[in-house]
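Whenever a hint applies, use it, and build me the whole structure from the sequences.
Chain by chain, the residues:
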Amino acid sequence: MKTVTLTVNNRPHTLTPSPERTLLDVLREDLGLTGAKRGCDAGECGACTVLLNGKPVNSCLVLAVELSGAAVVTIEGLGGPDGLDRLQQSFIDNFALQCGYCTPGMILMGKALLMQNPHPTEAEVKEFISGNLCRCTGYENIVKAIMAVAGGGEGNG
Amino acid sequence: MADGKAIGRSVPRQDAVDKVTGAAQFVDDIQFGPTLLHAKILRSPHPHARIVAIDTAAAMAVPGVRAIVTGKDCPQYLGLYLADRTVYAVDRVRFVGEPVAGVAADSAAAATEAIGKIVVAYEPLPGIFDPVAGAGNKDVLLHENLGTYRCAPFIYPVPGTNIANRFRLRKGDTDKGFAAAAAVVENTYTVPHIQHSQLEPHAAAANFDRAGKLTLWSSSQSPNAVRKLIATAFGLPMTKLRVITPYVGGGFGGKAGLTCEALVVPLALRLPGHHVKLTLTREEVFRGTFVRQGLVARLKTGAGGDGRLAAMEAELFWDGGAYAEYGVNIARSGGYCSSGPYEIPNIKTDSCCVYTNHPVGGPMRGFGMPEIHWGIEQQMDMLAEKLGLDPLAFRRLNALRDGSPAAFGGPMSGATLVDTIDAVAARCGWGGPKPPASGARKARGRGLACMFKAPSMPPDAQSSAVLKLNEDGTVHILTTAMEIGQGSLTALAQIAAEELGVPVADVVVTLPDTDYTPYEWQTVASRISYSAGNAVLAAARDAKAQLLAVAAQVLAVPATELAIEDGRIFPRTDPARALAVSAIAMGCLLPGGAIGGPVVGRGAFVPAGITGLDRETGQGERPAPFWTYGTQVADVEVDLRTGAITVLKVTAAYEVGKVINPALAIGQVQGGIVQGLGAALYERLALAEGKYLNSDFVDYKIPTATDTPQMDIVLLETSPQADGPFGVKGIAEPTMVPTAPAIANAVYDAIGVRIRDLPLSAEKVLAALKSKQAGEKFVRRAP
Chain A
847 MKTVTLTVNN RPHTLTPSPE RTLLDVLRED LGLTGAKRGC DAGECGACTV
897 LLNGKPVNSC LVLAVELSGA AVVTIEGLGG PDGLDRLQQS FIDNFALQCG
947 YCTPGMILMG KALLMQNPHP TEAEVKEFIS GNLCRCTGYE NIVKAIMAVA
997 GGGEGNG
Chain B
273 MADGKAIGRS VPRQDAVDKV TGAAQFVDDI QFGPTLLHAK ILRSPHPHAR
323 IVAIDTAAAM AVPGVRAIVT GKDCPQYLGL YLADRTVYAV DRVRFVGEPV
373 AGVAADSAAA ATEAIGKIVV AYEPLPGIFD PVAGAGNKDV LLHENLGTYR
423 CAPFIYPVPG TNIANRFRLR KGDTDKGFAA AAAVVENTYT VPHIQHSQLE
473 PHAAAANFDR AGKLTLWSSS QSPNAVRKLI ATAFGLPMTK LRVITPYVGG
523 GFGGKAGLTC EALVVPLALR LPGHHVKLTL TREEVFRGTF VRQGLVARLK
573 TGAGGDGRLA AMEAELFWDG GAYAEYGVNI ARSGGYCSSG PYEIPNIKTD
623 SCCVYTNHPV GGPMRGFGMP EIHWGIEQQM DMLAEKLGLD PLAFRRLNAL
673 RDGSPAAFGG PMSGATLVDT IDAVAARCGW GGPKPPASGA RKARGRGLAC
723 MFKAPSMPPD AQSSAVLKLN EDGTVHILTT AMEIGQGSLT ALAQIAAEEL
773 GVPVADVVVT LPDTDYTPYE WQTVASRISY SAGNAVLAAA RDAKAQLLAV
823 AAQVLAVPAT ELAIEDGRIF PRTDPARALA VSAIAMGCLL PGGAIGGPVV
873 GRGAFVPAGI TGLDRETGQG ERPAPFWTYG TQVADVEVDL RTGAITVLKV
923 TAAYEVGKVI NPALAIGQVQ GGIVQGLGAA LYERLALAEG KYLNSDFVDY
973 KIPTATDTPQ MDIVLLETSP QADGPFGVKG IAEPTMVPTA PAIANAVYDA
1023 IGVRIRDLPL SAEKVLAALK SKQAGEKFVR RAP
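Sequence order for the protein chains is A and B. Here our numbering = 1-based position in the first sequence + 846. Here our numbering = 1-based position in the second sequence + 272.
Rather than coming from a laboratory, the hints here were simulated on the basis of the structure. Misleading hints may appear alongside valid ones.
Covered by chain B, per the in silico footprint, the following chain A stretches (three or more residues, Cβ under 8 Å) [unchecked claim]:
| id | segment |
| --- | --- |
| 1 | 854-860 |
| 2 | 902-908 |
| 3 | 974-981 |
| 4 | 987-997 |
Listed next, with one range per pair, are the computed distances between beta-carbon atoms [to be verified]:
| id | chain 1 | residue 1 | chain 2 | residue 2 | range |
| --- | --- | --- | --- | --- | --- |
| 5 | A | A888 | B | E1035 | 21 to 27 Å |
| 6 | A | S864 | B | G408 | 38 to 44 Å |
| 7 | B | P509 | A | G929 | 31 to 37 Å |
| 8 | B | D838 | A | G878 | 16 to 22 Å |
Note that the Cβ used here is the ideal one computed from N, Cα and C, for glycine as well.
The structure is reproduced here in structure tokens:
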């Protein structure tokens, strides 16, 4: 089997995944990183969203054998010893989560958006996260949480 | 009542950090290590068939397979209100997706391979695919033994038919009522099956240890119900069955009662020392778990020339699916609430839960109320139009008020519909000019719908709580109330903090573990803040009394003259002489010896005075502890070229007695409105002769972020619940009840088209619009 070397949350890993296994399988089952959730296993719900080389992907659709040299960031990779990432804190402050199952994917989508577009409009936020399903919140507070960070604390832009 | 130090404040969620960091564990996240085995389920491809034979030999030979079970291994009947089902099908399958066999293997791949090698010989049988036809069909019976099933005393199966429960309500004389009516409308409304679509697929894992104890990890709203049903079915004492529920990724009723938990039990019992885990696929969630029951509602409603409702007749046919163990109670709730939130002197209702060869109908947010209000609230608009009355004024005139006789006869208390109508009218500017549409081929409309809902539960649904004071004065609260996203951990902590007089940040509520946390009936019916809240309040009072008794001795002041605030106990007349709660949390050592001891508060609650309803007339005094009332107005725009509806804004008002945590309560309303919007515009489990045409998120659409309308939400506290903690009533379910009919009424306002079957899909709206336009042309050409 092919050996794959990649980093996950800045830690190097060498894996030999069987060809049918996905990034989500490897994260959850081999690395114990269960923050990425399995909601549909078909790329339809976004609960397994992680950042792959800075771009958001449904990790259930990415084959692990194709990840040589990749840099993966999961929800466990946000924030640090000094505290939570600003967007994580904004989700708390804005009550942007209920059951919490979509939350890791939503936060990483928000991170991805703000990296490529630091000052999105509300419509752009809604459009960008529209592939990530949430059944609890009605999305309003999630959009608010992302906009609050996008506004840089000076109202939202 | 006034806000307190903890109550009425938007305290941050207790579970928030866990959930934004990925630390929150759901069942499938638990790492069981090398003892883990994977379970897979073989499910029926037929809606109705006899099982002639099952051959598992080839499947057992697949490398890595450890055990295979079928219906004959556990033939016991079980169910919450009516024991009508087995864990795996026995001799017969009754819906597509019914479990037939279970496999446990070293890997998911081996289990899946084995499932494919189980050979089942079926003999297909004719099916029932329509509740109306099914109710009258005595030739095709789904449950010939219906008369022998154990059931709750308020459930009335009709043996020899497919009617799993028949609820009848007879009040006044409807013939006389209709004879005197100036306007009568009669229509049939249909509601399809929908899926809860929680983001977390159902999961369960079981470990049978060498000492004979079974531990079950479950994504459940009902740990105690899971324990009771499984303990009964498998003959286990409750000391030998422990149910642990970590975080649950959304419930909405779909994880209430027993769902997939029992499937892993017979496998685990055969494989001591292992952990047998079953996580459903999304397709299995659609096919193999509860769905919201379908409904066919025939409604006839009449009002007098004075605008007062005179009579109604309702025939409600609930599509209960293949098993109705939980769904039977929805027919009862829908029956005794069939008037909607209005005073109607003459009512005749027949509400039947009918077996069909459809997926199993169970509880879903609203428990029958979204379904019945779908018709009731359109009837109200039609009657108002016939009488030339404003639909809001018409509802206001007929609203149940304090002391009004309800459909079931007894007087309503805390009936605050009018308050919510007035609040919504003021907020949205009801009656003002209609704003222009955004384009030439578009039409704007505004619609209104009201609702009421009670917690539908047995009259003795209990809650309990234990409060442990720690050495440092912090507090742990043990309950089996489940955090399913609604924020119960936080709200219960606020209730305890307020009563005990400690900072809310010092109170932690734990997740359920039936070996340690005390009994809770279920986390359903929007009753946790009320019922578990009362238990927590009682536990806090108990702990407080213990603290005050010790403090009275220490401070040499009568306990009645002491207060506790911010973790300090002091004489009201001399606040400076304060004692920290932590100083006496374990009692106190005085010169004469120790007094008190560790403080442990105990609280239990069962609502008092909930009465039954007469079997023939549905009449009674008080079948539920409270009703929550609400009103929503929807502003929509319809695209005349495509029929697509855009919901621009929803204005909502609910009267909830007392708000414990405004941000959490508003979050419930936001989520409920958007779920209601999904049910209104998109959602329908498409079934053809019992076979699924959609069972994934591509073909079954739920709302996304781009669907979220502008929401203006008002929470009122005009009628605190007498026996609710701090006055609380429930809010979580009522939030989605009026959304669909409000949207339907808005569509009628926009384009003059009435749609009576959900959802309001674009193609349906467009077809109705074309048909209306064709009719108008015909009328114009007529001489």
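Status of the hints after comparison with the structure:
{"no.": "1", "hint": "854-860", "result": "violated (count 0)"}
{"no.": "2", "hint": "902-908", "result": "violated (count 0)"}
{"no.": "3", "hint": "974-981", "result": "holds (count 7)"}
{"no.": "4", "hint": "987-997", "result": "holds (count 3)"}
{"no.": "5", "hint": "A:A888 / B:E1035: 21 to 27 Å", "result": "holds (25 Å)"}
{"no.": "6", "hint": "A:S864 / B:G408: 38 to 44 Å", "result": "violated (56 Å)"}
{"no.": "7", "hint": "B:P509 / A:G929: 31 to 37 Å", "result": "violated (47 Å)"}
{"no.": "8", "hint": "B:D838 / A:G878: 16 to 22 Å", "result": "violated (41 Å)"}
In this structure, the hints that do not hold are numbers 1, 2, 6, 7, 8, in rising order.
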